[in-house]
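Construct all of the structure, not just a fragment, from the sequences and the given hints.
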Amino acid sequence: MENASKALIMAAGVLIGVLILSLAAFLFLDFGATSESVYSQMESQQLTQYNAQYTVYSGRNDITIYEIISLANLAKENNDYYKYYTDYEDVYKVQVFFPKYQNLQDESSNEKQNLINLYNAVDNNGNLITKFKCKTIEYHDSGGRVRLVKFEI
33 MENASKALIM
43 AAGVLIGVLI
53 LSLAAFLFLD
63 FGATSESVYS
73 QMESQQLTQY
83 NAQYTVYSGR
93 NDITIYEIIS
103 LANLAKENND
113 YYKYYTDYED
123 VYKVQVFFPK
133 YQNLQDESSN
143 EKQNLINLYN
153 AVDNNGNLIT
163 KFKCKTIEYH
173 DSGGRVRLVK
183 FEI
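In the numbering used here, the protein residues as written are 33 to 185.
Hints were generated in silico from the structure; no laboratory data involved. Each residue gets a CB set at the ideal place from its N, CA and C atoms; glycine is no exception. What you were told as hints is all true, and nothing was included just to trick you.
Result set (DSS-like, lysine-lysine): computed pairs, CA atoms no more than 27 Å apart in a straight line:
1. LYS132 x LYS108
2. LYS167 x LYS144
3. LYS115 x LYS182
4. LYS165 x LYS144
5. LYS132 x LYS165
6. LYS132 x LYS115
7. LYS115 x LYS144
8. LYS108 x LYS165
9. LYS144 x LYS108
DEER-style ranges, computed between Cβ atoms:
10. LYS115 x ASP173: 18 to 24 Å
11. LEU55 x SER76: 27 to 33 Å
12. VAL88 x LYS132: 19 to 25 Å
13. TYR120 x LEU150: 28 to 34 Å
14. ASN159 x LEU79: 31 to 37 Å
15. LEU51 x THR80: 42 to 48 Å
16. ASN142 x LYS165: 24 to 30 Å
17. GLU170 x LYS115: 18 to 24 Å
18. LEU47 x TYR114: 53 to 59 Å
19. THR66 x ASN93: 40 to 46 Å
Here you go:
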């Protein structure tokens with residue numbers, strides 16, 4: 033009887049050990065999935081915040097030359113930051129199209145100043161006469177970041 037009692041105690045110990053290992057494996061997998069989900073949500077939120085800098089102009093037809101130049105400078109900053117990444121052209125590059133300029137972000141400061149001088153005429157109330165429309169916003173196929181913002185008069 034004594035041996036049977038020891039065998040039951042040993043079996044119970046093994047069973048408890050298996051339960052503890054199973055619980056540890058379950059928690060490890062569950063926490064791994066949770067952290068992956070949190071990381072994915074953070075990545076999605078960062079993408080939304082990044083794109084919002086460009087998509088704020090979507091559908092608007094009251095955009096000033098100052099806003100366009102600011103956006104071109106933002107695109108240039110972005111391009112300068114990511115230009116050495118191997119997937120720069122496919123994921124990170126941003127272009128600003130403006131009448132007569134397919135890459136406004138790459139124009140010189142003098143050229144941008146000339147555009148400001150050309151389009152900064154005001155009416156009697158002090159409002160800019162020339163307003164622009166955001167015609168198109170396109171996204172990179174890989175990554176979903178803004179690739180192109182196109183303006184027209």
